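Undergrad: Whole structure, please, built from the sequences with the hints as guidance.
Keeping their order, the protein sequence lines are chains A and B. In terms of our numbering, the first sequence has 37 at position 35, counting the first letter as 1, and numbering is strictly consecutive. In terms of our numbering, the second sequence has 307 at position 7, counting the first letter as 1, and numbering is strictly consecutive.
Take every hint as true, because none was put in to throw you off.
Chain B is faced by these chain A residues, among others (derived, beta-carbon under 7 Å): (1) VAL161; (2) GLY182; (3) PRO285.
Listed below are the simulated DSSO-like cross-link pairs for lysine-lysine, each with C-alpha atoms no more than 30 Å apart in a straight line: (4) LYS330/A x LYS234/A; (5) LYS360/A x LYS460/B; (6) LYS341/A x LYS420/A; (7) LYS360/A x LYS465/B; (8) LYS341/A x LYS412/A; (9) LYS420/A x LYS410/A.
Which residues of chain A face chain B? A few of them, derived with a C-beta cut under 8 Å, are: (10) ASN178; (11) PHE184; (12) ASP187.
In short, the hints are calculated from the structure, not lab data. Since the model is a prediction, treat every value here as computed from it, not as a measurement. We put the CB at the ideal spot given by N, CA and C, even for glycine.
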Amino acid sequence: MSSYPGYDPKSGFEKWLDARLPIIRLGYDTFIFPTPRNLNYWWTFGAILAVILMSQIITGIILAMHYVPHVDLAFDSIQHIKRDVNFGWMLQPMHAVGASMMFLAVYIHMFRGIYYGSHKSPREVLWIVGVVIYLLMMATGFMGYVLPWGQMSFWGATVITNLFGAFPLVGESLTNWLWGGFAVDDPTLNRFFSLHFVLPFAILGLVMLHVWALHVPGNNNPTGVSVKNVDKDTLPFHPYYTIKDAFAIVVFLMVFVAFVFFIPDALNHPDNYIRANPLVTPPHIVPEWYYLPFYAMLRAVPNKLGGVITMFGAIAVLFVLPWLDTSKVRSMRYRPLAKLFFIIFVLACIGLGWAGAKSPTDLVFATGTDAATGAPVGFSFLWFARILTLYYYAFFVVILPVLGLVEKPKDRPESIQKSVLKSAPEEA
Amino acid sequence: MAETVSTPVENPSRRDFIYIATGAAGAVGVGLYAWPLIDQMNPAADTKALSTIEVDMSGVEVGQQIVVKWQGKPIFVRHRTQKEINEARAVDVSTLRDPQTDEQRLVVNAEGKYEPQFLIMIGICTHLGCVPIGNNSGDYDGWFCPCHGSHYDTAGRIRKGPAPKNLYLPPYQYLTDTLIKIG
Numbered sequence: 003m004s005s006y007p008g009y010d011p012k013s014g015f016e017k018w019l020d021a022r023l024p025i026i027r028l029g030y031d032t033f034i035f036p037t038p039r040n041l042n043y044w045w046t047f048g049a050i051l052a053v054i055l056m057s058q059i060i061t062g063i064i065l066a067m068h069y070v071p072h073v074d075l076a077f078d079s080i081q082h083i084k085r086d087v088n089f090g091w092m093l094q095p096m097h098a099v100g101a102s103m104m105f106l107a108v109y110i111h112m113f114r115g116i117y118y119g120s121h122k123s124p125r126e127v128l129w130i131v132g133v134v135i136y137l138l139m140m141a142t143g144f145m146g147y148v149l150p151w152g153q154m155s156f157w158g159a160t161v162i163t164n165l166f167g168a169f170p171l172v173g174e175s176l177t178n179w180l181w182g183g184f185a186v187d188d189p190t191l192n193r194f195f196s197l198h199f200v201l202p203f204a205i206l207g208l209v210m211l212h213v214w215a216l217h218v219p220g221n222n223n224p225t226g227v228s229v230k231n232v233d234k235d236t237l238p239f240h241p242y243y244t245i246k247d248a249f250a251i252v253v254f255l256m257v258f259v260a261f262v263f264f265i266p267d268a269l270n271h272p273d274n275y276i277r278a279n280p281l282v283t284p285p286h287i288v289p290e291w292y293y294l295p296f297y298a299m300l301r302a303v304p305n306k307l308g309g310v311i312t313m314f315g316a317i318a319v320l321f322v323l324p325w326l327d328t329s330k331v332r333s334m335r336y337r338p339l340a341k342l343f344f345i346i347f348v349l350a351c352i353g354l355g356w357a358g359a360k361s362p363t364d365l366v367f368a369t370g371t372d373a374a375t376g377a378p379v380g381f382s383f384l385w386f387a388r389i390l391t392l393y394y395y396a397f398f399v400v401i402l403p404v405l406g407l408v409e410k411p412k413d414r415p416e417s418i419q420k421s422v423l424k425s426a427p428e429e430a
Numbered sequence: 301m302a303e304t305v306s307t308p309v310e311n312p313s314r315r316d317f318i319y320i321a322t323g324a325a326g327a328v329g330v331g332l333y334a335w336p337l338i339d340q341m342n343p344a345a346d347t348k349a350l351s352t353i354e355v356d357m358s359g360v361e362v363g364q365q366i367v368v369k370w371q372g373k374p375i376f377v378r379h380r381t382q383k384e385i386n387e388a389r390a391v392d393v394s395t396l397r398d399p400q401t402d403e404q405r406l407v408v409n410a411e412g413k414y415e416p417q418f419l420i421m422i423g424i425c426t427h428l429g430c431v432p433i434g435n436n437s438g439d440y441d442g443w444f445c446p447c448h449g450s451h452y453d454t455a456g457r458i459r460k461g462p463a464p465k466n467l468y469l470p471p472y473q474y475l476t477d478t479l480i481k482i483g
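TA: Set out below in structure tokens:
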């Protein structure tokens, strides 16, 4: 343990404080934490997410100083922020683009977790806390999108709150309770603002639990092989990973600010620049891009309750993933079949996103034209989404459980150190 | 020996009762505290008070639809053509997803007669709450919901697509032949 001597208070004040509130020790133990020496750049998205969360909270508190949560004033107050408030032109897109960036980073973070088996024993609780954070992010992002009170805000809120109306018996009372009325209206906007403000702090609290749950077993790593010798297999988090994370954060922020400054509305929808009108539905309602795969699943099922269950189930299945993935080998680097199915899974998620952005009757490709009407016929996005939804579920409930039993994994390195030292004979 | 062991515990069943009673009183207290916090989100008194409107339909031409707002929701008032009424009545009701005859979609006027030309419905798709497009759209010449592709016929009955129910009817009554009170 020579690399990690632990906190040693030097000055009299530090000793005095350490005996009363060991907060410096907490920071020391958090940052001088033994971290596998072979973490690649896929591991930097945790730190990236922490930075975006803080950015979202800060810009959000600022926007709340200027925003007015009222159906007659909300739409104008956003324009007031963007046009009149000092630096509002920058702060509002930072917050709106920040939401997209946070989802982009969290999806990479989650795919990384699945690929390298970071959800497996002994990190199940770490993974589950992460899924709860993701759920809260979805709720927060959805309510935030309602606040500008444009057409997409209003109709997105209407469609999503109506999902709860699908539940038998309690559906109608539940939606009226959510709305505080008989349709999405002023009470709905006010409560969404209140919850949108407070949920990020709940997320922050859960992030602390997430880091705590990480620091009990320690980081997973690309080989999935556990740390055997702390001195040989690990490096202190600071300075090695603070620097690596900082570099990744800078690269990620370059993408972030490119959106903020040059294409702030690229991820928005033009209809959200039309004031909400409860009497006219836009011809083509789509959610924000980060919900599109789930939206495609909702529409893939021709039954209201069935669609809602399919959509929520797609997230619920993540909670039990640690027990569905039966393979003893953590990293898919050594699981050739699992790697193949994982790549298809990622493509399926992207495909579902594509299907979610299209109308179900649009064609992926045409095979000919209808003899009577002359309209093109072929493979519709509805069926495309159905097949991909089936694969999404099959990946979790069939492929991963079965692969763990039948797949023959490749040889894994003896240790993390052996995997990174090129001189080691078995790596030559 | 048995007596000496039980003496320090002193009547355990009485101690259990106190635990359970305290816990029960606490649970009731939490419930009483939580209910106002939950119920405040239900529709407020002033929201509920805006519950009736009167609509004069005399200005709605044949083949025209007007949309009025009731409780924050769009209400379709359509003056149907004879062709639309005939289409709605020609359907075999048993084949419908939510079986209703055309007359079950209407209410009687003050004299106890139907006014089949006026169809009054809540203009909200029963799938996920979008406002369907009217003017004989969709495959059944009634309404078509652009969000997820539900088709309604000329009586507002679901015929195709994901919606489970016919367009809902608001509670309303005829004050005269062309004046109705909704709510």
